Structures are given as C-alpha cells and as structure tokens.
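*Asks:* If you want the building blocks of each chain, they are given just below.
Protein chains: 2
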Amino acid sequence: MQRFSKAVSLLRSSEIRDLMTLASRPDIISFAGGMPGNDLFPVQEIEELFSNLDEKTKQAAFQYGPTPGLPSLLESLSGFLERKGLPVKSNRLLITTGSQQALSLLAKTFIDPGDRVLVEQPCFIGALSAFRSSEAALHGIPVDREGLVIDLLNEEIRKKERARLLYITPYFHNPAGLLYSKERKAELIRTLQGSNIPLIEDDAYGDLYFHEEDRERLQPIKSIDPEDIDVCYTGSFSKILGPGLRLGWMLVPEAIHEKCELIKQSADACSPSFTQVLADAFIRSGKIDSYIAGVRQEYKKRASAMVAALKEHLPSYVHYNEPRGGFYIWLTLPEGSDATEIMKIAVKGGAVFVAGKTFDPEGKKNNTLRLSYCNNTPEQIAEGIPIIAAAIRLLCG
Amino acid sequence: MQRFSKAVSLLRSSEIRDLMTLASRPDIISFAGGMPGNDLFPVQEIEELFSNLDEKTKQAAFQYGPTPGLPSLLESLSGFLERKGLPVKSNRLLITTGSQQALSLLAKTFIDPGDRVLVEQPCFIGALSAFRSSEAALHGIPVDREGLVIDLLNEEIRKKERARLLYITPYFHNPAGLLYSKERKAELIRTLQGSNIPLIEDDAYGDLYFHEEDRERLQPIKSIDPEDIDVCYTGSFSKILGPGLRLGWMLVPEAIHEKCELIKQSADACSPSFTQVLADAFIRSGKIDSYIAGVRQEYKKRASAMVAALKEHLPSYVHYNEPRGGFYIWLTLPEGSDATEIMKIAVKGGAVFVAGKTFDPEGKKNNTLRLSYCNNTPEQIAEGIPIIAAAIRLLCG
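Chains U and H, in that order, are what the protein sequence lines are. Start counting the first sequence at 23; every next residue gets the next number (the numbering used here). Start counting the second sequence at 23; every next residue gets the next number (the numbering used here).
To be clear, the hints were calculated from the coordinates, so they are not data collected in a lab. All of these numbers come straight from a predicted model, not from anything done at the bench. Wrong hints could be hidden among the right ones.
The list treats identical chains as interchangeable, and a pair is accepted whether it falls inside one copy or across any two copies.
[What the hints assert, rightly or not] DSBU-like cross-link-like pairs, simulated, lysine-lysine; straight-line CA separation at most 35 Å:
{"hint": "1", "residue 1": "323", "residue 2": "309"}
{"hint": "2", "residue 1": "370", "residue 2": "182"}
{"hint": "3", "residue 1": "379", "residue 2": "28"}
{"hint": "4", "residue 1": "387", "residue 2": "78"}
{"hint": "5", "residue 1": "386", "residue 2": "106"}
{"hint": "6", "residue 1": "28", "residue 2": "182"}
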C-alpha cells in the first residue's frame with residue numbers, strides 16, 4: 023500500500039464529484055453547478071474570429087507561450103482591466119489556467135503547512151480546496167449583508183500567530199450572493215493596513231451586475247491599491263467567455279508575480295496558447311463588451327424568475343438574498359436544519375442544489391444551501407423550485 | 023516585506039526565463055527550446071475538424087468538464103494508448119494540463135517536504151521543478167548509453183530512508199537523447215520490485231522514433247505493468263499535436279488516480295475543454311496517425327542535418343549521441359569544461375543552447391550541453407553548429 027502525502031489527505035474526497043454526477047443527470051433539474059448556460063456561449067463569434075487570424079498567429083496557438091501569458095493577450099487584457107480602473111501599470115498581470123489556478127499559485131506562494139489562512143464563512147469551495155492542498159489552517163469569518171464582519175476579522179488579526187492570507191469574494195459572492203458595501207470595504211482596508219496580511223480579492227463575477235447604479239460599489243479594492251496592503255486581484259474569463267478555455271488572471275505586485283510565475287512553471291509551464299489567442303481576439307474585436315452586456319440581461323432574467331418562484335413557494339422562515347448580479351441565491355433555514363437531508367428528498371423529487379456545509383471552512387454548518395440560476399431556463403426554474411420548497415417544508419415544517 | 027513559502031524559495035529563479043528571452047531573439051539561432059517546429063503544426067486540419075463538429079460539441083468546448091477529462095477524449099485516447107499495448111482497462115486515465123501538470127500532481131500526491139526522490143542525472147528540468155516545488159530532496163542517478171546505472175540505483179534503494187518516487191524518461195531522453203535498452207528496463211523492473219517505490223515513466227517523445235526496428239525497444243514498462251510496482255505512465259499531446267493545447271495524461275492505478283484527481287481539482291478544476299474537444303476530433307478522424315508519421319520523417323531529417331554538422335565541425339574530444347528519435351543531442355565536453363561560458367561566447371556569435379547544469383539535480387555538473395534540432399531548418403543548423411563548435415574550441419582548445 024502506497025503512502026500518500028499529507029496534503030492530499032486533507033482534501034475532501036468524492037463529495038463534489040457525486041454532486042456533479044447528480045447534476046448532470048438529464049432527469050434532474052440542477053441548481054447545483056456554477057456553470058454558465060451552454061446556450062449563451064459565443065460559439066459562432068469565436069469560430070469566425072479564429073478563422074480570420076493570420077497563419078502566424080494560428081501557429082502560435084499550437085506552440086508553448088511564455089509562462090506569464092502571451093504578450094498580445096497581456097496587452098489586450100491590460101487594456102480591458104485598465105478601463106475598470108485597475109492599476110495595471112504599477113502591478114503585473116499573470117495569465118493562469120482558470121482563476122482556480124490563480125488561487126492555487128497564491129496559496130503555494132504564501133502558505134507553509136499549518137499556516138493560518140482567513141476566509142469568509144461561507145467561502146468559495148475552490149478557494150477552500152486550494153488552501154487545503156497547501157495544508158493551511160483555515161479560519162472562517164462570518165459575512166453579513168454588507169460583507170465580512172469586521173470585529174471578528176479584527177479578533178483574528180490580533181491573534182499572536184500572524185495569518186498568512188485573507189481571501190474574499192466581495193462582488194456577487196459565491197455562494198452567498200452578496201455585494202460588499204462601500205463602507206465595509208473602507209473598514210476592511212483600514213483593518214488590514216499595518217497587519218502585513220496579503221489580501222486576495224476574487225472578482226470572478228463583478229462584470230455580471232444587474233443594475234447600473236451598482237457600478238461604483240463594484241469598484242475593486244485593487245483599483246484603490248491602498249498603501250501598505252498587498253492586494254492580489256484575481257479574475258476569470260469563465261463567466262465572460264467560457265470556463266472551457268481555462269483562462270483566468272491575477273494582477274499583483276511585482277515581487278508576488280515573480281514567485282507565482284516560478285510556481286506556475288513547475289505546475290503547468292504555461293496557460294493554453296490556443297485559448298489565449300481566442301480570448302485575445304475576443305477582446306480586440308470589441309465583441310467581449312457586447313457579449314457581457316447580453317449575458318448580464320439574460321442572467322438578470324433568470325435571477326428574477328428564481329426570486330419570483332422562491333417568493334411564491336418558500337415558507338416564510340427561509341431567508342435569502344435577492345441577487346443584484348452573479349449566479350447565486352443563498353438560502354438560510356432555521357437553526358438546526360440539515361440541508362443534506364433536504365437535498366436527498368429534493369433529488370427524489372427531481373431537483374438538486376448544494377448543501378451549505380460544502381462552503382463551510384469547517385465542513386459543518388448546514389442550515390444553508392446554494393441555488394444557482396445561471397444554467398436554467400425560467401421554465402426549469404418554475405418547475406424545480408417547488409420541488410425544493412416542498413422538501414424544505416417536509417423537513418423543517 | 024512579505025514572507026513567502028518555503029516551497030517557492032526552492033525554485034530556481036530567472037535562469038530559464040533569461041534563456042527563453044535569448045532563444046526568442048530573431049538574430050539568434052536557437053537550439054535551446056524543446057519546442058516543436060511552428061511550421062509543422064496541423065493548423066488547417068484542426069480548423070476544419072472544429073468547424074465540422076455539431077453545435078452541442080462546440081458548446082461543450084466552452085464549458086467546464088469533469089476533472090479527469092472529457093469522457094469522449096478519455097475514450098478515444100484510451101483506444102490510442104491501447105493500440106500501443108498499454109493496460110488502459112486495469113488502470114485509469116487522467117487528462118492533465120500538459121504532462122508537466124501530470125508530474126506536478128504526482129509530486130504533490132506522493133511527496134512531503136524533505137522526502138527523498140530519485141531522478142536520472144541528467145534529468146528533464148520540468149520534472150526537477152515539479153519535485154522541487156513539493157520540497158523533495160532530489161538524488162540524481164547517472165545514466166549511461168542504455169539507461170539508469172542499476173548498481174547506483176540499488177545503492178539508493180537500499181538506504182534506510184525510503185525514496186518516495188523514481189522518475190525516468192526512457193524513450194528519447196530529455197536532455198540526454200538516449201533510448202533505454204530492453205535489458206536495462208528488465209533490470210530496472212527487477213530492482214524496483216519489492217522496493218515499494220512508485221515509478222514515473224515519462225513517455226513524451228516515444229512516438230517520434232526514426233527507425234521501425236526500435237519499436238520493440240519503445241514498448242513502455244507500463245505495458246508490462248509488472249507486478250508489485252506502481253507504474254505511473256505519463257504522456258503528452260505536446261509533441262504529437264501541439265504544446266499550446268496544454269494537454270497531457272497519466273495512466274495510473276485507481277488509488278493513485280483518485281488522489282491526483284483531488285489535487286487537480288484544487289489546482290485548476292479541469293483541463294481546457296476547448297482543446298480536449300480538438301484533440302478528441304484529431305484522434306477520431308485518424309489524422310493523428312498520419313500527422314505523427316509525417317513529423318517523424320521531418321525530425322529525422324533535422325536530426326541528420328545536425329549530426330552531419332557536428333561530425334564536420336566538432337573537435338574529436340566532444341562526445342554525443344546520434345539520436346534515434348525525439349528532439350535532442352547531448353554533448354559531453356572534457357571534464358572541467360564550463361558550458362555556461364561556452365554559451366556566452368556562442369550567443370555573441372549568434373547561436374544558443376542549454377548548458378548541462380540546468381539538468382543536473384544539484385545544478386552543478388556543467389561539462390555537458392543540450393542541442394535541440396526540432397525547431398530548426400537544415401539551413402539554420404548548418405549555420406548555427408559551426409558557431410557553437412568555434413565557441414567550444416575557443417574555451418576547450
């Protein structure tokens with residue numbers, strides 16, 4: 023019998039895989055995945071863009087590229103990010119194999135086994151697994167409707183053993199769906215200054231806002247680049263082009279970029295040139311902007327359909343956010359409810375979601391659940407939500 | 023000032039990057055990279071294959087896929103590997119983001135900080151960096167013309183602290199260009215049996231043989247799947263389609279697959295669906311076989327041109343392999359020569375290669391150098407080799 027590493031023993035086994043198997047069953051309506059709708063991908067646009075490229079660029083798509091990314095994509099993506107106010111000139115950009123890899127590289131750059139890492143509670147599961155694979159000691163800090171609870175963050179920061187990272191997803195949080203308030207971000211910045219704790223600001227969903235008036239609130243902390251905090255900003259093409267391209271990025275200070283580049287070289291040498299060439303053409307053609315504008319409207323429609331169905335069918339003791347963007351609605355059930363048991367009943371009825379404990383750094387708290395509306399038609403939503411509501415009533419009364 | 027992890031401090035800094043910068047200068051003939059020739063990529067074939075796919079498959083190319091790989095590619099690749107005699111039914115296949123990721127996942131699955139890992143001396147630099155990033159204690163075992171020196175392997179195996187991995191590249195070794203003999207492989211198997219040390223068999227170049235009569239010698243150890251050894255077989259589309267697709271694989275026992283899948287989930291969630299769809303179509307169309315047959319001939323031509331130039335220009339005290347496949351010729355200079363100094367002179371003359379110490383697990387031994395012929399025309403070879411020969415004569419007499 024082989025002995026495996028300690029890191030691998032810390033990773034949760036087949037939970038997610040089992041869920042994904044359920045979610046891909048054609049007889050089950052899945053609100054489980056964070057996958058964009060298949061019908062929304064810009065298939066034809068990308069195919070045309072590729073065939074119009076010159077021969078040299080097409081050949082380069084088959085070749086190794088530099089570890090930090092293809093120069094042409096670094097340039098066009100810098101422009102895209104600069105238009106959002108991000109400080110691309112005073113930082114460096116690294117193209118990663120999905121933003122999952124950005125998190126994994128940052129974890130490996132900062133974390134030694136046993137190091138304390140602060141995350142939101144609940145927290146994006148991909149971040150949890152990236153930190154676990156670096157053998158981090160995870161500490162969850164609860165969020166309320168405006169963001170991380172600052173008093174609790176302060177307590178963690180004041181502990182003797184310094185935390186090595188703080189990870190947040192302030193813009194249409196996965197799974198909690200929340201959008202940080204401007205004030206909370208300002209408090210967060212003040213709290214972190216002087217702590218010497220790098221901040222990972224994960225902005226995978228920020229482009230998918232439903233209301234123009236939220237744009238100011240969506241301004242990344244990185245765009246302020248506050249003094250005395252190493253802000254590591256991560257983003258992704260997954261929600262604004264397609265996750266199957268496996269392209270994300272980080273915008274980070276030079277010294278951190280250098281370390282992440284080294285780790286990336288050992289991890290997969292470079293990101294796929296083929297899809298980098300496609301993403302570059304998508305940005306340069308300007309099609310990315312009209313595409314994002316289109317999917318925003320579509321996700322808004324799906325979110326409204328889900329909110330309407332929840333309003334109609336959920337018992338009044340269930341609380342949830344009305345999403346202002348992104349992919350998710352987060353349900354909070356009465357204390358002591360077990361979302362896993364509810365899910366088992368819902369699956370028999372023909373619908374599935376993700377139980378809350380999956381997003382708990384300790385894997386325990388389970389009176390919550392995540393619904394995704396991103397990959398469902400309004401009809402599927404109208405059919406699936408009553409099944410889940412019935413399962414909740416059956417177990418919670 | 024941030025504190026970084028111990029793992030990142032073990033990785034070599036800018037050596038490779040500096041070399042790649044040199045290698046990409048248009049005024050320098052580069053024999054440095056292990057990159058396939060840009061002119062050889064099947065650009066048109068792939069473009070046609072993609073446009074002929076049905077809409078559903080094209081959409082799936084934009085979507086997340088299962089962590090172990092797209093089912094359709096797992097199926098077609100299984101067929102491709104089974105035709106080589108590999109035991110796909112009694113093992114499991116994992117698609118990776120290049121075979122570099124396969125090495126990185128295996129490292130993270132087996133290695134805790136400080137664990138002993140056995141590698142060939144010289145060794146593929148990507149493997150060295152994957153093992154270093156897991157904080158392995160590397161031990162190089164010299165190779166001769168037939169493979170790993172078994173007596174020295176035996177010494178390492180007999181040491182009290184068990185090694186956690188043995189890594190070899192028996193088929194057109196990078197950088198040493200050698201092809202293991204059948205006898206040496208048999209000895210290696212006998213030596214490993216009972217040692218409880220998993221074997222990574224890296225077969226990135228095996229398809230690129232120049233002589234039909236070598237096919238038996240190219241039969242992977244994995245195809246025997248010897249009792250009592252966990253053989254982890256890795257391969258890649260990089261040399262038989264294009265590295266820019268970032269697709270490789272590992273064929274491993276079930277228990278190891280399960281661990282590597284978990285680590286992959288934390289590392290980048292899944293390999294690029296877009297390029298998996300392309301690779302799948304390439305295999306299913308049968309075009310992969312004719313393509314490989316074509317590049318074999320082309321690389322054979324380039325290898326012959328380089329051997330001819332070396333015969334003409336090198337001083338007789340320089341020893342080298344005549345390649346029977348793959349990408350590389352490995353030069354051994356008199357004891358005490360410094361290939362880095364030779365390179366500096368060659369660069370001034372307009373040609374570049376990789377100095378031997380890059381491939382030394384200890385980063386010291388430097389009376390050797392690697393020449394790649396894969397990305398050069400016979401004309402470039404005829405022009406570049408005399409520059410290198412002159413630099414050798416200047417320093418070694």
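*Asks:* Next step is simple, just say for each hint if it's right about the structure.
*Replies:* Now the hints, each set against the structure:
Proximity of residue 323 to residue 309 under the C-alpha cut-off of 35 Å is restricted to the intra-copy arrangement: shortest distance 22 Å within a copy versus 44 Å between copies. Proximity of residue 370 and residue 182 under a CA criterion of 35 Å is satisfied in neither setting, with 49 Å inside one chain copy and 55 Å between copies. For the homomeric pair residue 379 and residue 28, the shortest alpha-carbon distances inside one copy (23 Å) and between copies (32 Å) are both at most 35 Å. With identical chains, the CA atoms of residue 387 and residue 78 are never at most 35 Å apart, being 54 Å at best within one copy and 38 Å at best between copies.
In the homo-oligomer, the alpha carbons of residue 386 and residue 106 never lie at most 35 Å apart, since the shortest distance is 38 Å inside one protomer and 48 Å across protomers. When the C-alpha separation of residue 28 and residue 182 is checked against a cutoff of 35 Å, the pair qualifies both within a copy, at 26 Å, and between copies, at 21 Å.
Checked against the numbered hints given earlier, the structure breaks hints 2, 4, 5 and satisfies all the rest.
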